[in-house]
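K.L.:
Work out the full structure, taking the sequences as your base and the hints as a guide.
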Amino acid sequence: MTQAYADADLIRLVYQEARLIDQGRFEEWYGLYTDDGLYWMPLAPGQQSGADEPALMYEDKMLLRLRLDRMNDPKAHSLHPAVRCLHVLQAPEVTSRDEAAGRYTLSTPFIYVETQGDTQHVLAATAEHELAGTPQGLRIRVKKILLLNCDAALPAIQRLP
Amino acid sequence: MSQSPHMPPNADGESVAGLVQADRVHRDIYISERVYRLEEERLWKRAWIFLGHASLVPNTGDYYTAEIAGQSLVMLRQADGTVAVRFNRCAHKGSQLLHERQGNAGKFLRCPYHAWTYKLDGKLMSVPLKNDYEGTGLSESPSAQGLAEPGGVRDYKGFVFVRVSKTGPDFDSYFDPAVLATLDNMVARSPLGELEVVGTPLRNVMRCNWKMYLENINDTVHPISTHESAAAAAGNVGKSLPADDAGTSLAMEQLLPFGAGYSFYSDMGAKVLPNGHSVLGTKASIHTGYAPLPEYEAGLAALYGADQARALLSFSPQNTVLYPSAAFKTSPSLIRVLRPLGPDRTLIEAWALAPKGAPQRLRQRVASYVRLVFSPMSVVAHDDVHLFESQQKGLRSDGNEWVSLHRGHKADETQTPELALENGNNEIMMRNQYRGWLRLMDPA
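Taken in order, these protein sequences are the chains called A and B.
Throughout the first sequence, residue numbering follows the working numbering, covering 1 to 161 in sequence.
Throughout the second sequence, residue numbering follows the working numbering, covering 1 to 444 in sequence.
The reader is advised that the hints may include incorrect statements.
[As the list claims (entries may be wrong)] Among chain B residues calculated to face chain A with C-beta under 7 Å, some are:
id, residue
1, V237
2, L347
3, S375
4, V379
[Stated by the list, open to error] Stretch by stretch, here's where chain B covers chain A in the computed footprint (C-beta under 8 Å, at least three residues):
id, segment
5, 32-44
6, 51-64
7, 67-78
8, 146-158
[Said to hold, decoys possible] Straight-line Cα separation of at most 20 Å, DMTMM-like style, residue types lysine to aspartate or glutamate; simulated pairs:
id, chain 1, residue 1, chain 2, residue 2
9, B, K130, B, E140
10, A, K75, B, E228
11, B, K239, A, D35
12, B, K356, B, D184
Derived by calculation from the structure, the hints in this document are not laboratory data.
Everything numeric in this text was worked out from a predicted model, so none of it was measured.
For every residue, glycine included, the Cβ atom is placed at its ideal position computed from N, Cα and C.
P.N.:
As structure tokens, this is what we get:
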């Protein structure tokens with residue numbers, strides 16, 4: 001964890017993560033997260049805790065594993081017809097770096113589009129990534145999705161913003 | 001008694017009785033615009049509808065706004081500590097007074113449009129250019145009365161219900177004590193006798209009729225097939241887990257029961273009650289197996305006595321439906337609220353509650369459950385919503401205009417207004433909802 005990462009390395013990982021989701025390469029995507037990785041979407045603007053209050057999503061690697069395993073199940077009825085998605089990212093901004101701890105944060109506004117059959121949904125959000133330098137390389141420890149309309153009545157969101 | 005399912009055109013007192021038979025309902029109940037408008041006019045105004053929880057408005061001047069079948073309503077904490085409900089509609093020209101979902105109005109309500117001002121109890125305090133109203137008909141008109149009130153309001157232990165219509169059943173005749181017992185139980189789980197909302201609600205919009213969602217709340221046969229993929233994934237992941245991870249085991253504890261087979265539900269016990277209400281899982285439910293919280297339970301035992309505390313804690317039905325607007329769970333404590341938006345569009349809100357003075361673990365439990373099961377991102381909810389939306393499309397097809405609710409039907413089942421059953425797999429859980437529907441929809 002003594003390796004220093006340039007901004008370009010951090011930014012590349014954010015783009016890579018979005019691309020893997022869009023391409024449906026979920027096993028590789030899962031491998032980008034640390035063992036204690038967390039993917040969460042607050043429900044209320046300014047929400048601090050995902051464990052003590054309802055959230056749109058608050059999933060450790062076990063729950064992400066469950067989500068991905070279900071995606072692969074032909075009996076996942078809601079995924080027929082197939083759902084596809086696309087992330088369109090604004091350039092990620094590095095918001096902090098702690099070389100000693102190997103901890104880096106970025107903020108990335110983006111548009112997320114999901115389509116199924118004749119229905120397409122467009123959402124906007126800001127991704128706040130916390131990246132970790134590990135012996136295996138740069139990984140994602142936390143991805144926090146600040147959905148622009150988190151407090152709106154939402155349709156089903158079936159892939160991963 | 002054979003009635004045509006087709007409604008007579010443009011009849012004021014038009015009857016919908018033909019849409020509901022003893023063991024089946026006509027598809028127009030779900031897809032017809034005209035039936036939906038009649039529901040807005042009759043059902044949603046005459047029934048006692050859940051508006052919100054009083055803990056949303058703890059201090060004087062606090063308010064919470066909601067829309068129920070087109071009616072703009074606001075819940076307001078009065079200076080005397082009670083909760084009042086008014087139409088969120090300025091007496092002048094009908095603008096909504098309050099535009100936030102929640103907030104504090106201060107000492108008065110002042111319309112942003114022309115500054116008509118009201119006291120917190122809705123009485124009209126002042127209008128601009130008062131002199132110009134002299135000699136006019138304002139003082140005799142409804143506008144001088146201030147904010148109009150719904151026909152009935154009841155704050156039942158913090159659960160606030162409204163009846164929009166001036167006429168209709170009173171609260172105590174509309175809700176059977178067997179149904180209010182669930183609300184009593186929720187409140188009694190707090191050593192302080194009070195619940196509070198945890199966080200904000202999960203809000204889902206779906207392209208289906210509200211009654212499909214409400215039937216599904218009482219549907220014990222669907223999980224094994226609808227939720228097959230989520231249950232299988234939970235089962236597989238659960239096998240590879242260390243048992244000591246508190247956060248992980250909470251999620252597993254909540255998801256694994258979705259894999260239960262038919263026999264689990266056939267033994268859980270249920271009750272159907274007049275006006276469409278019901279309790280499912282009188283004996284057991286998917287919530288019965290949650291890990292105990294010894295300190296908290298000992299506290300309730302000290303308060304109520306050991307036997308009463310045990311009975312209290314073991315009463316955790318799958319769902320208690322307060323027809324037509326809400327379904328309650330005692331453990332975890334939560335409410336699902338149905339708000340119809342159109343014949344083919346429904347808003348569902350899932351509100352998490354926790355007892356005041358109860359351990360953090362209970363807050364975590366309810367936060368976890370609503371997130372895992374009722375979020376727009378829930379892999380459990382995805383399959384339900386997909387199938388409701390599919391029903392909404394499929395029902396427009398010709399060839400069969402009826403929805404079958406035959407399972408478990410007995411010709412004499414309506415002889416008693418209240419019926420206790422062993423088998424939760426009986427579609428009487430839905431047939432009873434339509435008996436409640438007919439009662440409200442009667443043009444008389």
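K.L.:
Would you mind marking each hint as holding or not holding in the structure?
P.N.:
How the hints compare with the structure:
1. V237: Since chain A brings a Cβ to about 5 Å from V237(B), closer than 7 Å, the hint holds.
2. L347: holds, 5 Å
3. S375: At about 5 Å, which falls below the 7 Å cut-off, the nearest Cβ of chain A leaves the hint on S375(B) intact, so it holds.
4. V379: holds, 5 Å
5. 32-44: holds (count 3)
6. 51-64: Coverage by chain B holds for the segment 51-64 of chain A (11 residues, Cβ < 8 Å).
7. 67-78: Since 8 is at least three, the answer is holds.
8. 146-158: holds (count 8)
9. K130(B) with E140(B): This hinted pair holds, its Cα atoms lying about 15 Å apart.
10. K75(A) with E228(B): holds, 7 Å
11. K239(B) with D35(A): holds, 18 Å
12. K356(B) with D184(B): Since the Cα atoms of K356(B) and D184(B) sit roughly 15 Å apart, the hinted pair holds (cutoff 20 Å).
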